[in-house]
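Protein chains in written order, with UniProt numbering: chain C, 1 to 354; chain B, 1 to 526.
If you're looking for bench data, these hints aren't it; they were derived computationally from the structure. Take the hints with a grain of salt, since some may be wrong.
[Stated by the list, open to error] In silico lysine to aspartate or glutamate, EDC-like type, Cα no more than 20 Å apart, as pairs:
{"hint": "1", "chain 1": "B", "residue 1": "K385", "chain 2": "C", "residue 2": "D217"}
{"hint": "2", "chain 1": "B", "residue 1": "K396", "chain 2": "B", "residue 2": "D414"}
{"hint": "3", "chain 1": "C", "residue 1": "K226", "chain 2": "B", "residue 2": "D154"}
{"hint": "4", "chain 1": "B", "residue 1": "K141", "chain 2": "B", "residue 2": "D154"}
{"hint": "5", "chain 1": "B", "residue 1": "K396", "chain 2": "C", "residue 2": "D217"}
All of these numbers come straight from a predicted model, not from anything done at the bench.
The chain contents come next:
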Amino acid sequence: MIRIERRIDANPWWTAGTLVAALAAGMLASALIVATAGADPFEAFRTLFFGAFGSQKAVMTTLIKSTPLILTGLATVIAFRAQIWSIGQEGQVFAGAMAGYLGSQILAGLPPLLFFPGVILFGVAGGLLLGGACAILKTRFGVNEIVSTVMTNYLAIYLLSYLLAGGPWAEIGDGASYQQSVPLPAAEQLPLLFGTKLHIGVLLPFVAAICCAVMLDRTALGYEIKALGTNPVALGHKGTNIARTIIAVMCISGGLAALAGVIELYGVGHRLKADNLVGLGYAGIIVGMIGGLRPLGTVLAGLLFGGLASGAVSMRVVSDIPASLVPAMQGIILLFVLCASVMARYKIVRGTAS
Amino acid sequence: MSLLPSIKEPTPANARKAGTEETPLALRVEGLTKRFAGVTANDGVDFELEVGEIHCLFGENGAGKSTLSACIFGFCTPDAGQIVVRGQPVEMHSPRDAIKLGIGMVHQHFVLVPEFTVLENIIVGTQKSGWRLDDRAARQKLKSLCDAYGIEIDLDAYVWELAVGRQQWVEILKALYLDVQILILDEPTAVLTPDESARLFAIMRKMCANGMSIILITHKVAEVMQSNRVTVLRKGKAVATVQTKDTSPEELARLMVGREVSFSVNKSTVAPGDTVLEVSGLGARGYWNEAVLNQVSLSIARHEILGIAGVAGNGQKELFEVLSGVRWSREGTIRLNGEDVSRLTPRAMMDRGVGHIPDDRFREGLVGPFSIAENLILGWQRNAKYRSGLFLDRGKIAALSKTMMARYQIAARDDEVPVENLSGGNAQKVILAREFLHSSGLLLANQPTRGLDIGVIEYVYAQLLQKREEGFAILLASEELSDLFNLADRIAVMFKGEIVGVVDPKTATVEEVGMLMAGRRMEAGR
Ligand SMILES: Nc1ncnc2c1ncn2[C@@H]1O[C@H](COP(=O)(O)OP(=O)(O)OP(=O)(O)O)[C@@H](O)[C@H]1O
Ligand SMILES: [Mg+2]
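Bound conformation, chain B alone (with noise of 0.2 Å):
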């Protein structure tokens, strides 16, 4: 038996033709309904996703779009509802049961193993020859794979050796491994870079043309609008499947929040006022005392939004981590309102009024276990505006919660959710409100609208200009270029630990800004 898979460069002969009568159905959900303990996740959803075509769920945050993809793996079973795969109908009851039927997923959060070589991470629970590892045919099969469909991946290499973005190419190629049928990919390109991103689209493309069927989950409209079709999902019911080419964004995202998004922003113009944080020589060593922040120097303002872009794993985290006091510098002095606060605590510094969003939400950024309301105080338990005499003031950290909820749309059941059942998106917002609500004076937002929904963008790009206005100074780190040309002031760009060009976004185009994020330093200098 050969393991070498017979792939077929796509030809327009076994191209999926769209819209006609005979395509067959890979899968073919009908009437499926999930409740979790007061909440109806999933209401009578009926979802078809033919052969050879990427099929885009689109919705809101906490629509329902990760918990119908987990039932089609077999992560959870549908309280009611039918699941068919090619025309038979199935009932599963772990993700093993959809390995076998060939349906894959792609996951938001990775679950590879870091110590392990990313052929390990491949075979290693997957082999069916008993419990010695053979990887000879494995590499081979892999091998052909990567060659067949144009992935470059060191198959030797550790997954903590590679950056983010490229462990999703070590569950694509899973996937391709296991010659899945159906892959669903949630939000995978939330950690791509836009030329990522591209190639990734490129190579699904190749995949359907063999047959293959995807379920892709994005916020992304730009991804969206390259799918065959589209399903939205609203609070639970899927409202509308349309053929992608029949479509728009704006008409996408009215039948997402229903009502109108618009994609414009209203920045007012302010002058910058007085200097609020002022960086200079800044340096910082990782944990092999590589650099990896060199020399950076950069100034905010007031009334001013400073963004920063660049390929993420370029420094950016550790420059935020820096500024909010949870890692030392090395080198270089850090003032805040004239005060050096190079060595300061994390505490000292948000007290100072400055906030931080973390990029990593649930590792940094969230309590798992805690409810909405413990978290939206978590920082800020000891201040007596949370207490009465020793105790928390369960009364005021309940109204508090219950004003964040309604202000930023959060979906629950009630307050008392812990944050790790919510929603990406959802769990994002929460810290959101929290840091919006106790910074005064700087901002620090690392990727704050990964994960959201337009229509939440939409707001939090209000809420940063609003806080702009108000005089804040702002430090926008954003791997969507839009973000930051729609907001920031200036745009400094970070490559290899340094910054190597700040640009105007008035004026600048994004292939300079692209340009720079490759490493092409600007010729004229900062």
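Just chain C, with the same shape it has in the complex (with noise of 0.2 Å):
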């Protein structure tokens, strides 16, 4: 007979095994689904892995996409940790996009050297000011993050809506489109990677994936980030600031989904549009839950779904799959994958019953 079993302590094989496993019935399932629909799930797999990983191009593609994905997964993964349940990545990558942009028009002209950090500065201002603004609301008067993040997403949107359609940023012509500012200049575009397609920006996931596993695990803050989100009682009782905490953690998970929100304007966009960034903030959570809550397992997660994202395009130019099959895959993935960390708490036994 075989009967499943509490574990008491965690065996990170076991962890693994379900974690692949996962995503095996995730495709499994997201096959079933292909099916249904009339397709041949086989060619459909075929097509999203090629657009995917499948030559020199696919693979900048899919670097590309999973750049901000990354970076808001990273931005969930510090708020989660301390069990702060902010969902404010979404409005904060706008923030981001919108400070960034505001920053290219005070700083124009400069050298390259002092432009992009310049902006890059801006942009995570603003994500940071969204975040510890609801850190605020959090800690003065008790109002609680979910709620307070869901607000910001909306006030930023909209901010966004009304700054591009007719506001002071919409770009004005004879064949004027709505909603998008004029496109920046080819000086103010992040500079491209050795003659590659890719823009430098690709870089600054791993750069903050790596600070961000080394702040959890090496320095006081993670210490602090981690007890919060443990024991948050016993971290007060030993005279830590909970207030002060909360904040830091918001502010730094706001400005990493606002780096999104900036390198996708000047690395990928290159010109406001909420297209652009729509989705990126609350794909992030999804991606930080992927990866465990881990930094590095973030970046994993973000590239697998970094993946799909560019699968997903060539998907819709060679065969007459739907592309929305993508999200629809990832939500399966999600689904899966929680699953697997409740079973990695458990483990299967052969043996007899009583």
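Two chains, each in its own frame: build the complex with the hints.
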């Protein structure tokens, strides 16, 4: 007989095994959906895979697509590890892009070595302020962070909408299309890496992930974040200022999410436009969760999701399979991975029942 | 079918005769071994429980008592060995299996739902009759159980309304309600007053007379001496099983730690020095704005230990919280070495050398998933001592935890073990080590010996007295009057948030203190 029993100590192999099994099961379930839509699942996955990792060009697209996802994923990791349920990454991406764009108007004309760090700082400050505002609402007035971050998401999204629809930043001209700014001049676009199509911003998520890992693992702030997430009472009783820690967490998380917005603006979209930003923050929550709320896991999950996104593009081009399969797949994989994280706490034993 | 239990009064006829051959066994454990990653918590333990006996498990912190009872209750599956219940070998995979076999357990940490009433807590999850709660039959059965055993409890009171000690009775009532035949109690008296603990023993004896068998885990020798037999565990092995009437506290202690334990305390006579802590007219309010502290005034000098006696829930916890900066007082002032510290944060108090040992160790004193090493620096993680540059200095922290684990005999595989996996007593030692290390001048110790074995208590006593000699002022609250009489220079008794009397342990009697704890004021005033 085979039984399922609670595990007393975690086994990393088992944990990894459940994760792989979850990914496989997620694929299988997605295949079923493809089949019910009347398409050939085999074909669909082949296109998806080649579109994601099949060629040099595909890998580059994957890297570019995963860049903002890893950053918003890291934003999720920092907040959720402290058990602060911020879902403001979406709004913070928008805030980052807007503040970054504002930066370009102020810093225009500076040499690139000053201009790019400058606008990135502007952008990061935008998300940091938005996150920090929610933190202050939470610590000063006891406003639940879920509520406040959802509200600031709307705030940021509609502010951009206002600025671009006939507002001060709208592109005006004969063939005026609504809801976007004028394109950035070539000098204000992020430079490309050694003659490839990759903008130098793709390095940032990796640097950020290493910084986050080191911060969580090796610094007093990381110690406080983890303690806040597991026993805030003991942390506070032993003299750590809880409010200050919460504010630090939400500022860092907001800054990371905003970084995704600026990089997207200066590296990919080259103009301010909601379409380029929408969904990056929410996807980051999934990426962070699938990454097990660990920075390095988040990099892997971000690459996976970036791959799915880039594969979706080629699927749309070469086959008639709806690209909307991809968001469905992302959701399905998340569900399975969440189940796996529960499974990881159990073990399967062979034995006789009483 | 009648739900009314038939309860026989204890009579000599059905009372257990110790040592007779024909006494049937309620439970037998053979060669039980249980390992956790790297630790052998139980190592080939043999154990027998006769019908109608109170059998104590006695042993050092981390000896494996809780693990053994967890195996008997189906929480853990043993790696090797056999559990035999009433002659039948059984294999249990969850507490549900154990309950089916008539095994019940009262945990050291309660598992009651505070928002439910006593009745609801008892019947929820035990109903066999589908999902509609029919409480009439249950109420009847519980009423008659209460009457038969003399348990006074309001079945419709919410659990959050009950004092911690009372919650214990709910757990016991639940076991009775489930018609448990083997009851395991893991340190049940840690939160009981001496009076309540005496009542508990009376009830346990009645339960045994009715054919139940009880496994009792306790560190209190006085309670061990009221059992029928004792099995001593040392480092996971059962080293001896003795008839209680043939043994003595000294022998038990020797069996337990493998050396002589001195029960006497050598207290030097140092004269108190300058006043360190001066509290006057302190008042504080609770969650419902009720007064939890009222006009509390006290002072402690260098080289002095002020004991706080009192039944749990009479304001001791709040007093410690106010003094450590966790809770703010409404009225009154606190002076530390002459400085007004009434409005300081815990951080500021810690920086002034105030150490605090909280009574709820896992909630207030430790971060469960953190390692021993990390918990040793909790609150001091930003201190330059433990940093190199921007980063935590792991080498230094590891060295510190090595020293502390050796000095306090913290039993664990290594310093990376999460403290939530430590045995109760060993977790307490981590807090003691941290607070002794980082404080200077004033030590606030609330129930520091709770859950510790006598070997460690001996060590903690020595430490407290040494700190006293070094010039510390120590505020020591304990439900163990023996702690206070052994250590304190003065004993203040708290009742309903007030200090109702201060006595000199050299001249006062335990009875006098007991009277004050029950709320009788001293006629002569303070
Ligand atoms: N879940 C676990 N994972 C790893 N080790 C464990 C776990 N539970 C217990 N241990 C270890 O097993 C040993 C025995 O622990 P146990 O809790 O049985 O001791 P105990 O006799 O009840 O002690 P105490 O008197 O302090 O409560 C200890 O060394 C403890 O660290
Ligand atoms: Mg124990």
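How the hints compare with the structure:
no.: 1; hint: K385(B) - D217(C); result: holds, 18 Å
no.: 2; hint: K396(B) - D414(B); result: holds, 15 Å
no.: 3; hint: K226(C) - D154(B); result: violated, 42 Å
no.: 4; hint: K141(B) - D154(B); result: holds, 14 Å
no.: 5; hint: K396(B) - D217(C); result: holds, 16 Å
When the structure is compared with the earlier hints, a violation turns up for hint 3 alone.
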